[in-house]
Amino acid sequence: MELAQRCLAGDQNALREFVGLFQQQVFALCFRMLGHRQDAEDTAQESLMRAVRYLKSWDSTQPLRPWVLKIAANRCRTALGKRAKRPVSVAILPDEGVASATSQIGLAEELERGLTLLKDRQRECFVMFYQQELSIHEISQVMDVPEGTIKTWLHRSRKQLAQHLMLRGIQPGST
Amino acid sequence: MSCDDYRIILEQSTEERTALPVNALEHFQSCSSTECQEIFAEYELVNEAISQWKSALPHVDLVAAIVSDLAPLPETSRPQMVDVPISPSSSRGPSAAAVVAVLATLSLCLIMMVSASPKNERNIASVTFPAQPVADHQSRFVEDEDMEAELRELGKTYGSWVQGAANKLTDTMTVVLISDQPQSPEKASGWFSNFTEQIEPIESKLDETLKMLMEQVSVESDEQTYVSMTVFDLA
Chain A
13 MELAQRCLAG
23 DQNALREFVG
33 LFQQQVFALC
43 FRMLGHRQDA
53 EDTAQESLMR
63 AVRYLKSWDS
73 TQPLRPWVLK
83 IAANRCRTAL
93 GKRAKRPVSV
103 AILPDEGVAS
113 ATSQIGLAEE
123 LERGLTLLKD
133 RQRECFVMFY
143 QQELSIHEIS
153 QVMDVPEGTI
163 KTWLHRSRKQ
173 LAQHLMLRGI
183 QPGST
Chain B
3 MSCDDYRIIL
13 EQSTEERTAL
23 PVNALEHFQS
33 CSSTECQEIF
43 AEYELVNEAI
53 SQWKSALPHV
63 DLVAAIVSDL
73 APLPETSRPQ
83 MVDVPISPSS
93 SRGPSAAAVV
103 AVLATLSLCL
113 IMMVSASPKN
123 ERNIASVTFP
133 AQPVADHQSR
143 FVEDEDMEAE
153 LRELGKTYGS
163 WVQGAANKLT
173 DTMTVVLISD
183 QPQSPEKASG
193 WFSNFTEQIE
203 PIESKLDETL
213 KMLMEQVSVE
223 SDEQTYVSMT
233 VFDLA
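As they're listed, the protein sequences go chains A and B.
So for the first sequence, this note's numbering puts the first residue at 13; every next one is plus one.
So for the second sequence, this note's numbering puts the first residue at 3; every next one is plus one.
In short, the hints are calculated from the structure, not lab data.
Bear in mind that the values here come from a model prediction, so they are computed numbers and not experimental data.
Keep in mind that a hint or two might mislead.
Computed Cβ-Cβ distance ranges for the label pairs, DEER-style [what the hints assert, rightly or not]:
1) T161(A) with L108(B): 42 to 52 Å
2) S32(B) with K94(A): 43 to 53 Å
3) E37(B) with R95(A): 36 to 46 Å
4) D7(B) with T73(A): 37 to 47 Å
No residue lacks a Cβ here, since even glycine has one placed at the ideal position from N, Cα and C.
Can you make the complete structure from the sequences, with help from the hints?
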């Protein structure tokens with residue numbers, strides 16, 4: 013809250029601190045939602061600028077992080093609405109037959125692929141829960157849906173992702 | 003506890019991000035139920051994938067970009083627009099289309115300005131007319147003259163904008179072509195004269211439109227004068 017007040021007062025150092033505090037989280041959400049680094053950077057930048065510009069509308073009785081992530085989530089939805097979904101290519105795929113040395117990259121990549129198969133809202137929910145580690149209550153506030161819906165989405169996402177990984181031949185304990 | 007109870011515990015520990023209680027863990031590791039085995043296998047697999055996926059995230063630093071965008075900057079330090087090199091062999095480059103779009107926007111603005119302000123002023127004038135008919139007629143005549151002068155000024159401004167845009171494009175072509183292939187400044191000039199020929203019909207159309215608008219304005223102001231004078235006569 014003190015940081016927000018200093019930002020509103022025009023303190024440049026506070027502004028840097030604010031951006032530094034949230035940039036990785038906002039970028040992570042945008043990157044997971046959009047699946048493209050450049051788009052994610054652009055959307056993250058736009059989100060943080062909006063957060064700074066509209067900081068005076070933030071309810072100081074509520075935590076700041078979900079509010080900032082809500083802005084980012086809205087920007088991501090706008091960006092997704094503007095373009096067709098593209099396949100995710102966040103890491104170089106390991107060659108067929110190369111096993112243990114690249115298995116760690118392979119599993120993350122496979123999960124990322126699986127995420128692209130989820131509906132946008134489900135993916136957003138999953139990313140906020142596991143990447144941003146928001147609580148179910150916080151996610152329900154950010155996404156404006158009941159907590160029960162969030163739980164359902166998380167459950168379905170895990171189920172779908174597990175099925176996707178198993179279809180790709182990945183078994184628990186094999187990596 | 004039943005298998006269903008343990009599955010509920012598993013679901014709760016997932017939602018609360020807590021470790022699975024030891025008794026639940028032992029149940030799933032030893033239970034012969036196919037459903038329990040599948041649920042636990044999915045649980046472990048997804049958790050393992052998530053832990054690797056979370057760490058596989060590129061780092062980003064947006065502080066400088068955001069702070070500079072939010073602070074007011076002098077003109078010179080703003081990012082410069084990148085001039086896209088245009089192939090000299092192309093008969094009609096993308097810049098011509100951009101200039102045409104600019105011209106279309108300008109003409110639209112002109113039309114909106116003409117249609118908006120004078121009508122409002124006339125409406126206001128017609129409401130106050132009966133009180134002092136002669137003075138209002140004279141003031142409207144002056145307003146019409148001012149408007150025509152304004153339109154002429156706008157026409158001149160528009161012409162100079164077009165010229166400026168064309169000059170800028172020619173300079174760009176010259177710089178790009180000289181830096182890459184030094185043989186074609188003549189082609190760039192030739193392109194400009196071609197461009198002038200291409201833009202000429204648009205210019206004449208816009209001139210016609212402007213003249214038509216000015217005539218329309220004059221006709222309407224005459225009609226207003228006629229109506230108000232008729233009212234005045236009747237009164």
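Now the hints, each set against the structure:
1. T161(A) with L108(B): 42 to 52 Å: The hint (42 to 52 Å, Cβ to Cβ) holds, given that T161(A) and L108(B) are roughly 50 Å apart.
2. S32(B) with K94(A): 43 to 53 Å: 52 Å, holds
3. E37(B) with R95(A): 36 to 46 Å: Since the Cβ atoms of E37(B) and R95(A) sit about 41 Å apart, the hinted range of 36 to 46 Å holds.
4. D7(B) with T73(A): 37 to 47 Å: This hint holds: roughly 39 Å between Cβ atoms.
Against the hints set out earlier in the document, no violation occurs for any number.
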